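Per this note's numbering, numbering of the sequence shown is gapless, rising by one per residue and ending at 48.
Hints may contain errors.
Using C-beta positions, here's what the derived DEER-type ranges look like [what the hints assert, rightly or not]: (1) 17 / 41: 30 to 40 Å; (2) 12 / 44: 34 to 44 Å; (3) 11 / 35: 19 to 29 Å; (4) 37 / 3: 17 to 27 Å; (5) 37 / 12: 19 to 29 Å; (6) 40 / 15: 18 to 28 Å; (7) 42 / 6: 15 to 25 Å.
Because the hints were derived from the structure by calculation, they are not lab data. The structure displayed is predicted, hence computed values, not measured ones. Cβ atoms here follow ideal geometry from the backbone N, Cα and C, with glycine treated the same way.
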Amino acid sequence: SIAQIGGYIDKKSQGPPGSKTIWRGMSRFETIVEAYAAFNQMTCGV
Numbered sequence: 003s004i005a006q007i008g009g010y011i012d013k014k015s016q017g018p019p020g021s022k023t024i025w026r027g028m029s030r031f032e033t034i035v036e037a038y039a040a041f042n043q044m045t046c047g048v
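Working from the sequences, and respecting the hints, build out all of it.
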């Protein structure tokens, strides 16, 4: 989940993820998507 990408560890004793965790997760996910798109456009000289 986005919260886990942001560093949230789902434990019974822990509350729901906060806005900073969600924001961090969204930012990291955006980077992952951009990297995937860049690598997907690359060709191997074929």
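Outcome of the hint check:
1. 17 / 41: 30 to 40 Å: 36 Å, holds
2. 12 / 44: 34 to 44 Å: 35 Å, holds
3. 11 / 35: 19 to 29 Å: 23 Å, holds
4. 37 / 3: 17 to 27 Å: 19 Å, holds
5. 37 / 12: 19 to 29 Å: The hint (19 to 29 Å, Cβ to Cβ) holds, given that residue 37 and residue 12 are roughly 25 Å apart.
6. 40 / 15: 18 to 28 Å: About 40 Å separates the Cβ atoms of residue 40 and residue 15, which means 18 to 28 Å is violated.
7. 42 / 6: 15 to 25 Å: 23 Å, holds
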